[in-house]
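Listed below are the residues making up each chain.
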Amino acid sequence: MADNLGMIAFFNVSKEYPRSGLALRDATFRLAKGEFAFLTGASGAGKSTILKLAYFDEAPTAGEVRVSGMTSGDMSRRDIARVRRRLGIVFQDFRLLDDRTAEANIAFALEVTGVRHDQIASRVNRVLNQVGLASKAKALPKELSGGEQQRVAIARALVNDPFVLIADEPTGNLDEKATRSVFQLLRDINAAGTAVLMATHNLDLVRRTDYRRIELDQGRIVSDTTPTREALPSA
Amino acid sequence: MRLTIRDAVLAVRKAPLLSALGVTTIGFSLFAFALFGLVALNIRKALEGVEERVEIRAFIVDNARVESVATAANEIARYNEVAKATVVTADEALERARRELGEFSDVFEAGVLPASIDIRLKPGFRDPRNVAAVASRVKTIEFVDDVRYGEEWIAQLYRLRNLAGVTSVVLGLAFAIVAVIIIGATIRMTVMARAREISIMKLVGATDGFIRRPFLLDGLVKGVLGGLLALAMSWAAAQVLERYLHFHAVFFDQRMIVFGLIGGALMGVLGSGYAVGRHLRQL
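Read top to bottom, the protein sequences are chains A and B.
Residues 1 to 235, numbered by my numbering, are exactly what the first sequence covers, in order.
Residues 1001 to 1283, numbered by my numbering, are exactly what the second sequence covers, in order.
It should be emphasised that the hints constitute simulated quantities derived from the structure, not laboratory data.
Be careful, since some hints might not be right.
[Claimed, not checked] Straight-line alpha carbon distances no greater than 27 angstroms define the calculated DSSO-like cross-link-like pairs of lysine-lysine that follow:
id, chain 1, residue 1, chain 2, residue 2
1, A, Lys33, A, Lys52
2, A, Lys142, A, Lys177
3, A, Lys138, B, Lys1084
4, B, Lys1045, B, Lys1014
5, A, Lys142, B, Lys1139
6, B, Lys1122, B, Lys1139
7, B, Lys1122, A, Lys136
8, A, Lys177, A, Lys138
9, B, Lys1084, B, Lys1014
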């Protein structure tokens, strides 16, 4: 069990939806501690399904998902809540509360998990500094650019010190400059020891790095490779 | 708890109209329940008034000794079912008959009516079975000539009382269920308005209990406020009945009002728990 801590593992996982059919077929892979992996593939290939299974938003139809020592199938709703406190989850659409400031959005993640009130401000300030938004702490989401909003979302994901950051198309709504900046932030987070599992359409981004790539096609993992540095395009 | 209260207050501040609508809807659904309660209460009071008149009259033979009759009356008064046993002499019986018959008072002549022991029963013992049991016991007393208690009248009264009781319970439950459903639907609007917030709470690891708490508090407060509104409207309705229709309706006493408000709060909590639970199961 201790080996599983801080790790995501899929064992022959399939997911079938009653209306749309099989979304994932027999997927097996592990994400090690501190690793960075891309999930790539066309729309409907199964990237988001893998992420939803990883944060237990969905239960597998067959196979087993293990995250942080917990196994799908024998988890209560309370167990799921506990595991999610150890994950950071980021979405394409940011999912911020529009009527709360950047710092309140981040503090929200601490409040709902029962963190002591006197610890909240310092932890929020730490992650705001980490994502470079300390000066925008009091701004509402509508007063921030897309890139800044995504940084707030990342800060919220980081504030509980997750072992892995699960990112579903985090740059999908951003222009190129914001994409580069958000991606660099994710790399920095990974360099500091947090694993990252990121679904993306942006193949340019993928090709520029030597991170592991798990490619999906029609619900199947068709390749799982880590390119050598020599194979990377010159910057 | 601090967070629960803050979240509940924030929800009201963010959507004051929705909250006011919620309280009003709950108020009206509880008002319908309270009006039914008032009708049931008044029917019960009216039947209680009639029930109090249930009386067993044991007629005494002419030559019975006064001391023996008084002893028997004391003995009867000690029966578990009996509230009061009064000896009525022949003269008193005549006087009472004349008083009750008014203009026909002179049809009775002295010595026509026998003395009797009039027996009143305690509440809860005025049903046909208990009345008949006491009557037959009294009939075994040596100098008792006859026992009368309006057998058919009591049986009918008891049937009416049972019918009113069962109708009250069934209709009361139906009204309560309808009120819970309406309250649930009202709170569901609040839940839907905060669906995004709830989904984010789930994503960052909030437990169902944590998410549910502010909504339960919201339901509790709305239930109490709705209950107060319903109480005010019921009181106004009773005043209108009294002032314009000259019908003196019995209103809820303090204990009933407290129970009613607790009931409103419980319905608010139940409706809220149902609404938020349903939403959480869908996530």
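Consistency of the hints with the structure:
Distance restraint check for Lys33 (chain A) and Lys52 (chain A): the Cα-Cα separation of roughly 19 angstroms lies within the 27 angstroms cut-off, and the hinted pair is therefore satisfied. Note on Lys142 (chain A) and Lys177 (chain A): the hinted pairing holds, with a Cα-Cα distance of about 19 angstroms set against a maximum of 27 angstroms. For the given pair, Lys138 (chain A) sits about 79 angstroms from Lys1084 (chain B) by alpha-carbon distance, which is inconsistent with the 27 angstroms threshold. For the hint linking Lys1045 (chain B) to Lys1014 (chain B), the alpha-carbon distance of about 46 angstroms lies beyond 27 angstroms, and the restraint is violated.
A C-alpha spacing of about 91 angstroms is found between Lys142 (chain A) and Lys1139 (chain B), which places the hinted pair above 27 angstroms, so the restraint is violated. Only pairs whose Cα atoms come within 27 angstroms are accepted, and Lys1122 (chain B) paired with Lys1139 (chain B) is accepted, the gap being roughly 19 angstroms. Taking the CA atoms of Lys1122 (chain B) and Lys136 (chain A), the gap is near 78 angstroms; set against the 27 angstroms cutoff, the hint is violated. Using a Cα cut-off of 27 angstroms, the hinted pair Lys177 (chain A) and Lys138 (chain A) holds, with the two alpha carbons roughly 24 angstroms apart.
Distance check on the hinted pair: Lys1084 (chain B) and Lys1014 (chain B) sit about 64 angstroms apart at the alpha-carbon level, beyond 27 angstroms; violated.
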